[in-house]
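Protein chains in written order, with our numbering: chain A, 816 to 1335; chain B, 1497 to 1614; chain C, 475 to 627.
Hints in this document: simulated from the structure, not taken from any laboratory. The reader is advised that the hints may include incorrect statements.
[Said to hold, decoys possible] Coverage of chain C stretches by chain A, computed from C-beta distances (three or more under 8 Å per stretch; other residues unrestricted):
{"#": "1", "segment": "538 to 544"}
{"#": "2", "segment": "548 to 558"}
[Stated by the list, open to error] List of simulated lysine-lysine pairs, DSS-like, C-alpha gap at most 25 Å:
{"#": "3", "chain 1": "A", "residue 1": "K931", "chain 2": "A", "residue 2": "K818"}
{"#": "4", "chain 1": "A", "residue 1": "K1280", "chain 2": "A", "residue 2": "K1209"}
{"#": "5", "chain 1": "A", "residue 1": "K1265", "chain 2": "B", "residue 2": "K1613"}
{"#": "6", "chain 1": "A", "residue 1": "K1265", "chain 2": "A", "residue 2": "K931"}
{"#": "7", "chain 1": "A", "residue 1": "K818", "chain 2": "A", "residue 2": "K847"}
{"#": "8", "chain 1": "A", "residue 1": "K1200", "chain 2": "B", "residue 2": "K1529"}
Beta carbons: idealized from backbone N, C-alpha and C, even for Gly.
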Amino acid sequence: MDKLITHSPILIIAIPLLVAFLTPLISRANEKARDVLVITTLAFVEFLVIVLARDIYANGIHIYTLGASSPTLTIPEQYMVPVRIILEVDAMSIFMCIIWATVSLAAGIYSLSFMKEETGRDRFYTLLLLMVVGTFGMMLTGDLFNLFVFLEISSIAGGALAAFRIRFADAVEGGFKYIIISSVGALMVLFAIGIFYAQYNLLNIAALAQVIQYTMLDKIALTLLVTAFVMKTGVVPLHMWFPDTYTVAPASITAMLVISSHACMYALFRICFSLYGVTLNTATVGWIIIILGVLSMFVGVTMAVPQIDIKRLMSYHAISQLGYMWLGVGVGLAVLGNPEALATYGREAISGGIFHILNHAVYKPLLFLTGGALFYRTGTRDLNKMGGLGHSMKLTSIFFIIGALSISGIPPFNGFASKIMIYESVYRLNPILAIIAMLVSIITLASFTKAFQSAFMGQELPAYKEVKEVPKSMIIGMGIPTAGIIFFSLFPGLIVDWVVYPAADALINQAAYINAVMGG
Amino acid sequence: MTQGAPFNVPFLAVAALIGIAFYIILSQRNLIKLVMGLGILASGVNLFLVTLGYREGGVAPIYTHAPIERMVLPVPQALTLTSIVIAVATLALMLSMVVHIYRHTGSIDSEESRTMKG
Amino acid sequence: MSKIVHNMASFLILPILIYGLYLIMHGHSTPGGGFQGGAVLASGVALLIVAFGSHSTHKSVKVPHLPILMSIGLLIFIGLALGGMFQSTFFHNFLVGSSVFGHIPPPGPNPGEMSGGGVIPFISLVIGLKVLAGLSAILLVMALASSRKEIEE
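The following block holds chain A by itself, in its conformation from the complex (with noise of 0.2 Å):
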């Protein structure tokens, strides 16, 4: 037990591999295997990040180098600095993939029957384990060049998935600009590293946040970093690939992809707090973090509003409540270098910024696997077609209910938790900030009663007669975030005090990231 703890963190990015490329074989020989197979190796991944989430909590950091003759050997004997690939998993890092680890397993269980139809599944499942092994990856290594190459494994598969089904027409369209997007960040994040490695000679992030000094091609490679992870997250103003692509991609793939974007935006805290940390101008940052997040809130609700397409409506809704993280942590990051400031109201709104990723993570991935299960019945996801499946519909209706009021803030649900600190903290730097926040959390509310009403309420429409419940693995599926919803709204203190505290100090406390590779 005690190694599996010390080897986890690459056993968590190797197992899923290595079952990725086994289900291509393992499918021409009995479909049932693979599809057991495909589920027991989500859950064991799930075990084993569990186990480390308790390790770290009890003991710190946790270090792990790849290919060195014990696994916390980061600086060999004779060198200076570390040479080899490090994974460093902290409380913000075992954080993002608690959550992901529980999603992907919904959202696999889930497509067990919603692509019973589609041909190729073999490929299906291999590229899904694949953008699982991406995104963990990207969460877990320590290394700036690892981050990359991760990244781009994710968005491939990612796109690829998004463009499953292609028999549409739209489907393959969402797919090529979601790759495009990729390809275009990747590279200007490739770009930011080939600066940092040509001025400090350093591609491990501890190490260079040890050294580096505020220069002007370091400000260059904040810009492009910046950019280029705001591309990826879909936040306004470079939004416009986002509802293409989450409309279109099968429905368990966009609760997934949701979360692959919550790790590139995890990346970009992890570069602005651990990476650079005081060194740089963190009013200036901060604020057009905090600008850029009051943009996503307003311009993402007032587009869902006028919306008939029902998973349109919620990718909006998604780019809205993204607006609300990068607001909590902007705070954060703008008074990073006044401690009077950081603990009065600071780590306050980080972490209700990082409540609000970890509620987001529970109800949106539900909201998409709704929508799903009324095109896998109906076949349309027009909102004006629809109407009056709350009859025949009725645990798929519970769902949408308990995810709306959810996501639209309203006690005693678990959204209302994390915005409430939010608000309360991000007053205290600037009253309109919280005041165009309520107001986003309003017109949400309005939103999504007009979407229950037309899809759930009214006469049954002759057209939807025979529509019954989904089957049973989609209701599993929808059941799991359902369950973190109702943990979350019962004890909120306690989610706060065991796991969201721990991972806001991590992201501040940029010392102790330094000094687990850098040695004592």
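Starting from the known structure of chain A, fit chains B and C onto it as the hints suggest.
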């Protein structure tokens, strides 16, 4: 960086390639030309990575029968190789998507083959 | 394609394959390696497609076999990487110092040894196989999809 040239000519070439590539990506409507522009962007960034490793008067970083001189940096060459491999896979995927778009909509112009608006 | 192209392609495929294999096997001490050798091998397949047409090439290099080659390649790769984990860490070079490819060369300029490198020559071989399968699959499928017979249908 030869004796006669006053500027760093490879870095100017990188700037020219990246500038041309961004102009192509932003302004061309033909999807195949868009993919070509992305290829030129990848070439520009790869050239930047190899050029930043150059040291004055250095030889290739191979130890077999090597003369006793300075060597250029080998790590950016490994990074460039990885980037080339990734670019090959991405370009193949994008081109097959363009083939599918052509089969569905009959045109490879990005304005005429658009199905989603708003 | 004309008779000259057919004959030269049949003659040249063998040196191309040998050159690709040379690049793969000497990857740990001279320029070359897994991906470079695999790309040269795939260019041999491209020569066959151009000279003989995709339908004739499809009779010898069948598309359903290529994903199996790719899977086997990667399974051996991860198996070798996990093999180092029993002693120390993932990807640890556990063959250095042993009898198989285990020679440790002295540091600095030297005449170059073939029998060094540990796990690296095996990894180069497996990556070369995988790249050959992958790039040939891309070329063959795209050539088949846009061939004259498909367009005429």
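Outcome of the hint check:
1. 538 to 544: holds (count 3)
2. 548 to 558: holds (count 6)
3. K931(A) / K818(A): Given pair K931(A), K818(A) is violated - Cα atoms ~39 Å apart, limit 25 Å.
4. K1280(A) / K1209(A): With Cα atoms ~14 Å apart, K1280(A) and K1209(A) stay inside 25 Å; holds.
5. K1265(A) / K1613(B): Holds - the C-alpha atoms of K1613(B) and K1265(A) are around 21 Å apart, at most 25 Å.
6. K1265(A) / K931(A): Distance ~31 Å between K1265(A) and K931(A) Cα, so the pair is violated.
7. K818(A) / K847(A): Violated: K818(A) and K847(A) sit about 32 Å apart, past 25 Å.
8. K1200(A) / K1529(B): Given pair K1200(A), K1529(B) is violated - Cα atoms ~39 Å apart, limit 25 Å.
The earlier numbered hints that this structure contradicts are 3, 6, 7, 8.
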